[in-house]
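These protein sequence lines are chains A and B, in that order. Numbering that gives the first Met the number 0 numbers the first residue of the first sequence as 0 and each following residue consecutively. Numbering that gives the first Met the number 0 numbers the first residue of the second sequence as 0 and each following residue consecutively.
Hints were generated in silico from the structure; no laboratory data involved. The structure displayed is predicted, hence computed values, not measured ones. Warning: the hint list may mix true and false statements.
It does not matter which identical chain is meant; a pair holds if it fits inside one copy or across any two.
[Said to hold, decoys possible] Listed next, the in silico SDA-like pairs over lysine to any residue satisfying Cα-Cα at most 20 Å (straight line):
1) K28 with E649
2) K336 with E512
3) K198 with A246
4) K631 with D594
5) K54 with P240
6) K631 with A596
7) K262 with G385
8) K631 with G605
9) K631 with A591
10) K198 with G404
11) K198 with G395
12) K198 with G385
13) K632 with G605
14) K54 with E312
15) K631 with E595
16) K631 with Y597
17) K28 with Y647
2 protein chains.
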Amino acid sequence: MNIADLRTRHPDHFRKATALRVLALDAVKAANSGHSGMPMGMADVATVLFEKHLKFDASTPDWADRDRFILSAGHGSMLIYGLLHLTGYQDMTMDQIRNFRQLGAKTAGHPEFGHAKGIETTTGPLGQGIANAVGFAMAEQSLQARFGKKVVDHHTYVIAGDGCLMEGVSQEAIGLAGKQQLGKLIVLWDNNGITIDGKVSISDVTDQMARFEASGWSVFSCDGHDPEAVDAAITAAKKSPLPSMIACSTHIAIGSSAQDTSKGHGALTDDQLIADTRAAYGWENGPFDIPADIVESWRATGARGAAEREAWEARLATLSGAKQAEFARQIAGDAPKKLSATIKALKKSISEAAPSVATRKASENTLAVINPIMPETLGGSADLTGSNNTLTKDLGTFDADNRAGRHVSYGIREHGMASAMNGMALHGGVLPYGGTFMVFTDYARPAIRLSALMNQRVVYVMTHDSIGLGEDGPTHQPVEHLAALRAIPNLRVIRPADAVETAEAWEIAVTSEGPTVLALTRQNLATVRTEHKTKNLCEQGAYVLADADGKRRAILIATGSEVEIAMAAKALLEAEGIGTRVVSMPSMELFAAQDEAYRRRVLPAGPVRVGVEAAVQQGWDRWLCAERGNWKKAGFVGMDSFGASAPYQELYQHFGITAEAVAAKVKSLL
Amino acid sequence: MNIADLRTRHPDHFRKATALRVLALDAVKAANSGHSGMPMGMADVATVLFEKHLKFDASTPDWADRDRFILSAGHGSMLIYGLLHLTGYQDMTMDQIRNFRQLGAKTAGHPEFGHAKGIETTTGPLGQGIANAVGFAMAEQSLQARFGKKVVDHHTYVIAGDGCLMEGVSQEAIGLAGKQQLGKLIVLWDNNGITIDGKVSISDVTDQMARFEASGWSVFSCDGHDPEAVDAAITAAKKSPLPSMIACSTHIAIGSSAQDTSKGHGALTDDQLIADTRAAYGWENGPFDIPADIVESWRATGARGAAEREAWEARLATLSGAKQAEFARQIAGDAPKKLSATIKALKKSISEAAPSVATRKASENTLAVINPIMPETLGGSADLTGSNNTLTKDLGTFDADNRAGRHVSYGIREHGMASAMNGMALHGGVLPYGGTFMVFTDYARPAIRLSALMNQRVVYVMTHDSIGLGEDGPTHQPVEHLAALRAIPNLRVIRPADAVETAEAWEIAVTSEGPTVLALTRQNLATVRTEHKTKNLCEQGAYVLADADGKRRAILIATGSEVEIAMAAKALLEAEGIGTRVVSMPSMELFAAQDEAYRRRVLPAGPVRVGVEAAVQQGWDRWLCAERGNWKKAGFVGMDSFGASAPYQELYQHFGITAEAVAAKVKSLL
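Extracted from the complex, chain A is given alone in its bound form:
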């Protein structure tokens, strides 16, 4: 449908939708950057969605049972800013719109979670929104299984563009959603045929409807400018028991001279073009000026859900007090009261038994005590369940037949898994954890970065964390991954040395804000924490595990599986009268966050310092040479190349990561 027909046939709809279009034009013009064409093209679809389908109440943005709206095509951010402003979200003022893309504004270049209410997730890196949405939809089903349909029953809507669908992560999301039969997930594809470089056809000939259908979706199509057709398609999609994709045929930058061109994808800032477009729209108001009747109509849309929200509150109030409190606890993400004592008891039993156990197995043992008291955990693995040890007794498998199940068979989809976990955490009421081999954090990295940027509590259970993986060889052996993950701001990496530290690491992961990567071994490790301490020592990031006998001449700093090696090196050195402290450093980030006095106590000036980690040195110089260190007395025992394929004991010998090598390094520096 073209602009003229739309104006004639659906005048009220047209004016509301066009308010979104001109706000996008005005804000992009003011910022002199951004993306005008997508909001212009999808304004009709979004208007129908918000006016007729989306369950929300602008006055109560955090209503737990609201439908979720995700703008996967995040570059079209002015679409969501316009919607939030017009429907009356308090924090999305016209001043914010005027300050689009300026420092400190809520209206960042791409929608940033936490900047404003109604932004359910950060989007912009393409494909992430649609993959997050799968997690939102899974969280809704999981929570519904726990609390009932009376209080949890909502849809997840996504607007996705061609870029989202070309990114590989979208296939992982589509496959996962299809298998999971997420009937309340509805994707509105902005089928405008245009990307930055030109027509979609210069790089892709995919029949998207056939592709989605091949993975178990219902598919629909409509003229994305015809409000009746859009309404009919969404209505039909809501009835499908399968996830639905609606191909919305649209014109990017509709009504402008840049319509249907890649120019229209970007920032339309030419004064004449904007004036001509306003004229084509019949829009007489000036920039950032919306006629009162349109504002009123949009505000009514924003208030439409108030009664339903009140009815929901009344239904919630009919639950038992205990159930209400539990619902509130899980939505708030508070740990259960029993957790602390449970972890302490586990630590005590480990210190007493002092088992030799792989930290991946210790992780399973910890989950075995956490999962029963935290029904909000939803675990899973990217087809390595037995290796990642993510499945504990009685969890059950989460799938279409069993929404009460708590372990997800994610398939060989590390990226999709991580993105879905972000969606679950953002949804609330679910604490997601998921496993794969540490080396495959590379596959999931864009989503891990977003966990950190959005500060979401997602737990990455990354096993086989070094050459200790053995025979699978260099493609499967992480070497640079600890450094690469530690480089991400706001990400907590914990590499526990034994089963006690593993229990502490999990306690931190499930009780702290933000994401945690647990780096866990394949191989067995001795218990080094044989003396029970109620305090969570890992919370300080590093601590003195064993101090020097007599004068302290060396400090060995190690993580994870190498702490055992450091302890053996200490024994060798002490036997020669070289007093040696061993510092276990499970988390560099947590240690860096400690105050100077504590850090000085752990790493005083003077002694030789040697770091031990079966990984690259990058990141270690801070602890060896800075922080009161001295480069002439600093050494590192680790990796400076990729690994190799062989039994792991041979690899440790081959690459020289042994107690003897550590002791020799110390002596060479004394």
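With chain A held as given, fit chain B onto it using these hints.
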């Protein structure tokens, strides 16, 4: 077809295929690890492929026009080792097979490029092989366009498993291949319905044939144990002008008690199981003992292509001497003689004109002189051509209608692009470069790692390399990416400071072994190399750009866009009488590779050192505190958080990366 029928109906085929099966059983048993079931299941398909279709000559593994065989399901590595051994590749001895997965053996856990002839690419990280293969097939077409069908005309065959097809990168590869109509790419899908965690159906319901068809592929299916059906399917696929996918229905671990189970996916090491399986096969020889007639038959398969190879050599010899020399040069990857003088001339002209230009634009200007003299370059961008500046005059677009085109519209597929570039480099005769935003190296990271592991000459043109990207905000601003890339062993990261360094960086990238990441700015930078030097200073990784006037009290070390800031800080400091050296450090890896004497000249002990880079500090402590440094006199001006959305000049102020801040930092440390 079951084992009994196969033995009866196709006895010769069965015995050859079963030689592969028992070698897999024997090697996995000896190693006590690995994957038995996949080679057992795909032995029939592989036997037909090698016996009847694959163009190769085991005596001349490097024959440039051989068909390429890629085992994307790399965990089934014993399949390719068995094939190479039996067909008579000299280096794949039975001793190597016996030493499967042992230190130093060519028979690593997963196939490693460079370990043995016939391993065309390193596989194991799932989905990479099929995505590499797209690049192989594109390289073949590109080379054919340059040298003619007489000397370049071969197929690329891939064996892919369910894991490969679930990984998102496979969708990017499928989409790219479909658009490019790569008719000589044939994927044999090991459709066994089993993954590590159980049946495929627990995590995926995708109709793979419909999925491939949706992206423009021809699809076929066959009983993967029936040699006639396999032969017919491959024959049909070869006739299609489109890329082909053959769904081969197979039984994983066929003939064993673990057949069709996830147990069969792993290492079958039980003595009774192995004995029973040998009995089911009617195999009477002991471990690693292949009957002579079977060896002979396989050797004949390995020699089958000798005549064709000789005919090809004869055809090659009919080309003009110049053409033959050029073919040899491009296949060898040698730079043209003119390159050095061309780069020097460019550098001279830049130093004289001293433009203010973004390094992404400087990169385009450099490509504008390289591309005309290096016809082997094949550029491209993941839908950011105008932003990455990868397209130079007269390149033309590489597509089905124009195989002589030299710029690829990769679509929004960073990972698929990187994997395809690996395939091109491995194929030989093509020097691939491709662009996206620096932040999206995260999306391509698994492939970038493989570029490094395989030491392939791939050039990553990564623009918008810091908060200098501006308004698009934190999702698009790399902060940790320089550190994360520098952490990868064997990867060369170069961040040039101006147009001269950009020219030098490109010279290094196209003449050195291994991959290079070029980190380039969006924003304009002043020319800092205003004095022409014929020597490539970037080759040393870091060098003194401007020495102190008088006594040297401070050394500023900076990269890329921050060199300009360091120079301004130097001016401020010198004005106060503080002698300040500025070291430009475009590549930490290259500097680390210099000898101690050179490094000491650049970074002598004594002065205050301040690093300046709009990125996280990780990796910098080596240059600030180690290497004759002193942590009390070391400082860093950069980022310690994610970025923000705003015009870039404001961001540099906001995050305190300014000449004033650098000067203040120096003064606080004096």
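Cross-check of the supplied hints:
For the identical chains of this complex, K28 and E649 are inter-copy neighbours only, at 19 Å across copies versus 63 Å inside a copy, given an alpha-carbon limit of 20 Å. With identical chains, the CA atoms of K336 and E512 are at most 20 Å apart within one copy only, with a shortest distance of 17 Å there and 58 Å across copies. For the identical chains of this complex, K198 and A246 are intra-copy neighbours only, at 17 Å inside a copy versus 32 Å across copies, given an alpha-carbon limit of 20 Å. For the homomeric pair K631 and D594, the shortest alpha-carbon distance between copies (18 Å) is at most 20 Å, but the shortest distance inside one copy (26 Å) is not.
Within a single copy, K54 and P240 get their C-alpha atoms as close as 19 Å, which meets the 20 Å cut-off; across copies the closest is 49 Å, which misses it. Proximity of K631 to A596 under the C-alpha cut-off of 20 Å is restricted to the inter-copy arrangement: shortest distance 17 Å between copies versus 24 Å within a copy. Taking the shortest alpha-carbon separations for K262 and G385, only the inter-copy value of 12 Å comes in at or below 20 Å, while the best intra-copy value is 51 Å. Both within a single protomer and between protomers do K631 and G605 lie at most 20 Å apart by alpha-carbon distance, with minima of 11 Å and 14 Å respectively.
Within a single copy, K631 and A591 get their C-alpha atoms only as close as 23 Å, which misses the 20 Å cut-off; across copies the closest is 17 Å, which meets it. For a Cα distance limit of 20 Å, the shortest separation of K198 from G404 across copies, 18 Å, qualifies, whereas the shortest one inside one copy, 44 Å, does not. When the C-alpha separation of K198 and G395 is checked against a cutoff of 20 Å, the pair qualifies only between copies, where the shortest distance is 16 Å, while the shortest distance within a copy is 46 Å. Only between protomers do K198 and G385 lie at most 20 Å apart by alpha-carbon distance; the minimum there is 14 Å, versus 45 Å within a single protomer.
Taking the shortest Cα distances, K632 and G605 sit within 20 Å of each other both inside one copy (9 Å) and across copies (17 Å). For a Cα distance limit of 20 Å, the shortest separation of K54 from E312 inside one copy, 14 Å, qualifies, whereas the shortest one across copies, 71 Å, does not. When the C-alpha separation of K631 and E595 is checked against a cutoff of 20 Å, the pair qualifies only between copies, where the shortest distance is 14 Å, while the shortest distance within a copy is 23 Å. For a Cα distance limit of 20 Å, the shortest separation of K631 from Y597 across copies, 19 Å, qualifies, whereas the shortest one inside one copy, 24 Å, does not.
Taking identical chains as interchangeable, the C-alpha atoms of K28 and Y647 lie at most 20 Å apart only when they sit on different chains, with a minimum of 17 Å there against 60 Å within one chain.
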